[in-house]
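K.L.:
As a plain string of letters, each chain reads:
Number of protein chains: 2
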Amino acid sequence: MQQYTVTFLPDNIRITVPAGTSLLEAAAWAGVGVKSTCGGQGTCKRCIVRVKDGHVTAEGNSLPATMRAKGYALACRTQVAGQVTVEIPPEARLVEHRVLLRDEGPAAEGKEKEDLLGGRPIRPLCEAVRLRLDPPTLTENASDWHRLRGALRRQRPDEDFAIGLSALQELAEGLRRADWQVKVVLTSFNTTGQVIRVAPADAPGVYGLAVDLGTTTVAAALVDLERGEVLGQGGTYNRQARFGDDIISRIIHADTKEEGLHELRKAALASINEVAADLLAKCRVAPEEVVAAVVAGNTTMSHLFLGLTPKYIRLQPYIPTTAEYPLLRASEVGLNIHPAAPVLVFPSVASYVGGDIVSGTLFTRLGHSDELVLFVDIGTNGEMVLGNREWLMACACSAGPAFEGAGITCGMRAMEGAIERVEIDPATSEVRVKVIGNTRPVGICGSGLIDALAKLRRAGILDRMGNFMPEKGGRRLRRGEEGYEFVLAWKEETGTGKDIVLTEGDVKNLLRSKGAVFAGIRSLLKTLDLPQEAIDKIVIAGGFGNYLNIDNAVEIGLLPDLPREKYRFAGNTSLKGAVQVLLCRDAWEEALEIGRKMTYLELSVGNLFMEEFVSALFLPHTDLELFPSLIGERKGGSNSWPGV
Amino acid sequence: MQQYTVTFLPDNIRITVPAGTSLLEAAAWAGVGVKSTCGGQGTCKRCIVRVKDGHVTAEGNSLPATMRAKGYALACRTQVAGQVTVEIPPEARLVEHRVLLRDEGPAAEGKEKEDLLGGRPIRPLCEAVRLRLDPPTLTENASDWHRLRGALRRQRPDEDFAIGLSALQELAEGLRRADWQVKVVLTSFNTTGQVIRVAPADAPGVYGLAVDLGTTTVAAALVDLERGEVLGQGGTYNRQARFGDDIISRIIHADTKEEGLHELRKAALASINEVAADLLAKCRVAPEEVVAAVVAGNTTMSHLFLGLTPKYIRLQPYIPTTAEYPLLRASEVGLNIHPAAPVLVFPSVASYVGGDIVSGTLFTRLGHSDELVLFVDIGTNGEMVLGNREWLMACACSAGPAFEGAGITCGMRAMEGAIERVEIDPATSEVRVKVIGNTRPVGICGSGLIDALAKLRRAGILDRMGNFMPEKGGRRLRRGEEGYEFVLAWKEETGTGKDIVLTEGDVKNLLRSKGAVFAGIRSLLKTLDLPQEAIDKIVIAGGFGNYLNIDNAVEIGLLPDLPREKYRFAGNTSLKGAVQVLLCRDAWEEALEIGRKMTYLELSVGNLFMEEFVSALFLPHTDLELFPSLIGERKGGSNSWPGV
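Residue numbers (the working numbering), protein chains in the order written: chain A, 1 to 644; chain B, 645 to 1288.
Note that these hints are calculated values from the structure, not bench results. Remember, it's a predicted structure, so these values are computed and weren't measured experimentally. Just so you know, not all the hints are guaranteed correct.
[Said to hold, decoys possible] The list that follows gives simulated cross-link-like pairs (lysine-lysine, DSS-like), each with its CA atoms no further than 30 Å apart:
(1) Lys1078(B) with Lys1210(B)
(2) Lys955(B) with Lys901(B)
(3) Lys526(A) with Lys597(A)
(4) Lys1135(B) with Lys1078(B)
(5) Lys689(B) with Lys1210(B)
(6) Lys311(A) with Lys827(B)
(7) Lys955(B) with Lys183(A)
(8) Lys714(B) with Lys1210(B)
(9) Lys266(A) with Lys696(B)
[What the hints assert, rightly or not] Quick partial rundown of chain A residues pointing at chain B, CB under 8 Å, derived from the structure:
(10) Tyr312
(11) Thr322
(12) Gly480
(13) Gly483
For glycine and all other residues, C-beta sits at the position ideal for the given N, C-alpha and C.
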């Protein structure tokens, strides 16, 4: 078959592909990130690129004629038919995601360590034992493993010891290279110590990798297990994004495409391995020195990571293959660390309450609290846990990825070029925005969207049902192709040369998302017959949570109207829980307990959720009694909201 | 690089290889079996082929000029330099080995089953449990694994259950395809049942694979674990043979060639997978229905099979990586059966007393005997165990592969065309031979060599020191290039068109081999301060053993001169012990016990073995008192030996 070269601008990356390859696939092969939400169906229109030169064929290129005339094309629906030069516009670029790991604000070294352990003593998943062995002789000719095990038993008489194939394959040379003076890295489950690695006695530390495998981003932390310290953290976007932005489109890809599951598994692994490689290089740690990994992800991500079909997670009655994952080794999973390293995957509670939530619950110590705590994680989905030391109940609502920018005309993830704060002058309807990276804006991310909704409502440009009020919007409110739209930034100010707008459709999408989260919280409370005020503490988790302006989130009816001092930001609790397990194996037992103990509230059973959801599709809600502080403000007619 | 086609006759198989490839390598790539003992060093001269046409270059082709003139060449030292046609003569062809599995003589069905179990009750390594599960609903929405484990626990309240990754990957579809009525295949170690496979309730049997991984041959048996029956047996030669015939040349290959260990591992796997595939096809069993494997091999074979370096097995003080192998899964080992199937590898005792001997000891129930039993396995090496229910002592002597035909001018393995019986008329020195397959002879195998030595000695053609007596040999004894040689078959009678001879050098080789075995037996007895007569029973194992004429073996001083009724042939005890473990998991515990309990006598320590060896380099021995029956016969001057 004829092969052609495709050149991607502005990075000037070239790749040779067979004729007929879509530009989206060519970009994926070339490692050039191009956005795509619909899995290449031609419907999400996020993969718009510009063909600068060369021959392509298009199939169902549904862009307006004016755009097509300028060379714009849907990458997924455009096929290579000759040498081609393609420009990826900023809004279609899948650039590195700002991954929030460290808590914001000053955190003392000492405090951070204490936080990570949740008050537990350090008892790491793996530890090193240093031994001096007698070399074998003709009369003392036991096998290498027998010799090593004997020495281990003399040092720890109460334990037995085992070794797996990959560690055994290294053993003979390892012992002799070390001249029989070795550092043995062990992990213990039950009373059997498993030998992972045999290194020279003076080999450097013992390291573990904590991973938060999110639908959108993958974050990892490298942990020194001997010192109990986080050496470094890093993140990247999940390479699965090219098969669809949200969980459902990935499940469909896994189920309907031949090799789909395999592709998604490989993409998840590639994401983790890449972020781990960067982290290891930065910290000057060799892959074989990393002797344990703990992975937290939602149920679908955990399934895809392990090659388990997610098909029945999507279909009623929503059944995962498993809630608890077997103890695995890096070699069978495919992680590029020591092949014999144990890999623990956090247990799930149900199809839509996964290991990331169990990890977050572990880290935030809900199960130890005398107070009633609500834990809310708003990511691609919205999950929440309510409980205390006696009981835990969780639910998940399909909030959708609107707060991550998906399904929103100019939506984008929280990365460079995203509008993250919006101010609107109620008198003039003029707008001021704050952009991540202080560059020209190319889109708007979740926190910007919440700000925009709150400010538009406050300025009276949006009514309570989410309709635009033409008489209030000034010159920025106009009629677009699909109804009214509000211009947040004029094309002269943006990085794309196009206006950044919020449409009526976008507002409806956002209302559905925020309504789902609020209805989820209400459903938990109603099921337990508890008033909103019974909540003593609300912990907000997720990368998203760090940007969230609580007042604005309450004002649009996303979060309950409770005293602001009850709110806490906990950051990436999924990753932090994984770090905790690396440093304290007792935490793993607790995680298993949490997974088993937590009650799952299936919101699709009965009418409770649906009724709450319909009531929450307003700004902020049909029942204003639920928002006392808001009523007070409104009554006073004040405009003194704590602003941006 | 220039590529050329090599055509191998008589099979007319073609392969394209780069210029410079040796004919031996080309044959290996083409799957054409060519003998080679020295690992391609040009020294064993077993890979002589005939270049019929085309261009080759030769490097150190040490064949006589007369042969070279006829196109004969060492395949390992001859490189492709153009299109070539090569004929593989019968004596250089590596054809299928006659693998002896079934005991000779009539064995009743019932008796065979009892024999295989050694009186134990059937308690197979894996078993099937049939379950009817309730399909999940929105309110009964536990994960698939949780549902299955719950049902298993209800049926067996005292056990816990676990599942590994590969079984988990099949679980969701498996349960639904079976419409929730399943056959669960489990294996139990400790009190945890490991789920291997979930199949529809009406799926056929539960099968296991027993493997004897020999240096020369690989034998396997397919066992129905539910019925306790051997369904079929098969064998092939070990594909590692192309890297050298004996253990030492394979260890050197593994150690000195890049990828050498990997090549040997792959060859062992290919051999097992091929014999298993044939067996499965013959018995109409699908690979995923085979849910357990038990492998018995000598220490080096077990190491190579698992990718463990055998380097230190060869070097003083002869240390294997391990004597006990971890419980493995088929997927990590590379066996083409169910990926989650457990694979048990028999433990070794020492570097040269391996799992095949432990398996044989298990099967022959030495450890249960009140009598003193000597177990002798003469294969590529000679291993022996002496003991009873109270103690077991083993040793290994480097008997060398002479009795397998290696290192003998016209030696070959026991396969079609091999002389297996020899008669010599003492009066005329004329010879009658019996050939395997009743074809024209192409060489002579172990049992034929023992016969030949015994008959040549009896006819006075060989003296006690193994020298030919020119005055006695008649026209068949002549001077060859390297001293005297005796013609067993004239070229007009053979399949090679060349005389089949036994040279003075061959006789010395055979004396060394038989002397080593006898010295090993003597060393065991002397170490334990026991007279030869203390032995109550001698069990002869190995494919070789089945052909052995005891009288002749005693006459040449290979085996001790004890009443013939004390001798037993046990066949392939290595394979039979593996079958026993498949059918009875208690036998596995016993195998581990045997491995730990058996005392290893290292013959290279001290002078004991060497002194015994020197005394045993005669026909039959320096000490004729050890051979009373022989003295009696000699004294009587009778020629009434039980002949062929």
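K.L.:
Look at each hint and say if it fits the structure.
P.N.:
Right, here's what the structure says about each hint:
1. For a cut-off of 30 Å, the pair hint linking Lys1078(B) to Lys1210(B) stands: about 27 Å separates their Cα positions.
2. Taken as a hint, the Lys955(B) and Lys901(B) pair is honoured in the structure, with Cα atoms around 12 Å apart against an allowance of 30 Å.
3. Of the pairs offered as hints, the one joining Lys526(A) and Lys597(A) holds, with about 20 Å between alpha carbons and a cut-off of 30 Å not exceeded.
4. For a cut-off of 30 Å, the pair hint linking Lys1135(B) to Lys1078(B) stands: about 16 Å separates their Cα positions.
5. The hinted pair formed by Lys689(B) and Lys1210(B) fails the criterion: a straight-line CA distance of about 41 Å is larger than 30 Å.
6. The suggested pairing of Lys311(A) with Lys827(B) holds, with an alpha-carbon distance near 23 Å, which does not exceed 30 Å.
7. For the proposed pair Lys955(B) and Lys183(A), the alpha carbon gap of about 23 Å is at most 30 Å, so the pair holds.
8. Proposed proximity of Lys714(B) and Lys1210(B) is contradicted: the alpha carbons are some 53 Å apart, above 30 Å.
9. Between the alpha carbons of Lys266(A) and Lys696(B) the distance comes to roughly 51 Å, so the proposed pair goes past 30 Å and is violated.
10. Checking Tyr312(A) against chain B by beta carbon gives a least distance of about 6 Å; that is within 8 Å, so the hint holds.
11. Hint on Thr322(A) holds. Least Cβ distance to chain B is approximately 4 Å, under the 8 Å limit.
12. The beta carbon of Gly480(A) is not positioned within 8 Å of any beta carbon in chain B (closest approach about 41 Å), and the interface hint is therefore violated.
13. The closest approach between the C-beta of Gly483(A) and any C-beta of chain B is roughly 37 Å, which is over the 8 Å cut-off, so the hint fails.
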